[in-house]
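Here is what each chain is made of, one letter per residue.
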Amino acid sequence: MLPMIVRFKVKEAGRRGFGLWFPAILIWIVLAAVMLVLLPFMLLAALATWGRGPGPRLLLIYPLLASVLWNLGGLTIDVDQKERTLLIDFI
Amino acid sequence: MNDKRRKILDMLAQGKITVEEAEKLMAAIGETGNGTEAAGTDAAGRRSWKYLRVQVEPGPDSEKGDRVNIRVPFKLIRAGLKFAAFIPREAHAKVNQAFKERGMDVDLARITPQDLEEIVSNLDDMTVEVDGKDKVRIFCE
Chain A
15 MLPMIVRFKV KEAGRRGFGL WFPAILIWIV LAAVMLVLLP FMLLAALATW
65 GRGPGPRLLL IYPLLASVLW NLGGLTIDVD QKERTLLIDF I
Chain B
12 MNDKRRKILD MLAQGKITVE EAEKLMAAIG ETGNGTEAAG TDAAGRRSWK
62 YLRVQVEPGP DSEKGDRVNI RVPFKLIRAG LKFAAFIPRE AHAKVNQAFK
112 ERGMDVDLAR ITPQDLEEIV SNLDDMTVEV DGKDKVRIFC E
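Just so you know, the protein sequences line up as chains A and B, in that order.
Under the working numbering, think of the first position of the first sequence as 15, with each following residue one higher.
Under the working numbering, think of the first position of the second sequence as 12, with each following residue one higher.
Everything labelled a hint here was simulated from the structure, so no lab data went into it.
There could be a bad hint or two in this list.
Negatives, chain B to chain A, calculated, CB over 12 Å [claimed, not checked]:
(1) Leu20
(2) Gly26
(3) Ala33
(4) Lys111
(5) Arg121
(6) Val139
(7) Asp142
(8) Gly143
(9) Lys146
(10) Ile149
As a list, the in silico DSS-like pairs of lysine-lysine whose alpha-carbon atoms are at most 27 Å apart [to be verified]:
(11) A:Lys23 to B:Lys146
(12) B:Lys15 to B:Lys35
(13) B:Lys75 to A:Lys25
(14) B:Lys75 to B:Lys144
Glycine included, each C-beta is placed from N, C-alpha and C at the ideal position.
So that you can see chain A by itself, here it is in the shape it has in the complex (with noise of 0.2 Å):
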């Protein structure tokens, strides 16, 4: 499922941390008009290297990177040291 929320959380020794929940749709529509506008670059490109070129896999760059950003959600990345906490939570 696409991650609706990032929740962020860094955290240095004698510092003050930093917490932030993020809501991920704003990165997501961003995202997609920045898709939108390089779509017909991305088609030309394909176009053009088509028969001694990677032009077939460009063309499966958009259905692929939307396969992985649908699948993050779920994704946990939590590191604690004794200097450092991090913690990245796809929500």
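With chain A's structure known, arrange chain B on it following the hints.
Below, chain B without anything else, positioned relative to chain A:
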């Protein structure tokens, strides 16, 4: 009683792990007492795991005391592996050489998407436990 469960109970009896850790491991192998499981079963009745977990916990002799807890959805692994198709042919030789230097005789060009799918689908049988200065566990849940 299956082997995995027996092993966890043995480790608990020997004091190698705490009750809480044993509970987590039981949950990971789907042997919780209340019948709740992190993973379901597929049409073939085979357990379908959702996440690959990597846990690093400091052992008694650990100097750094680092803790790492990573949970990666299997679907993300599958999706990510498809990007292997984007590795240019020119890079295959370098990747193969790097594999060989680490003792793995792998030819990247001969690995098909079906092979990758088979590797991922068989990860559920994998449980790695390393007891050194730090305790490392890799398992599915």
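Check your understanding: Going through the earlier hints one by one, which of them does the structure break, listed in rising order?
Key -> Going through the list in order, the structure violates no hint and respects every one.
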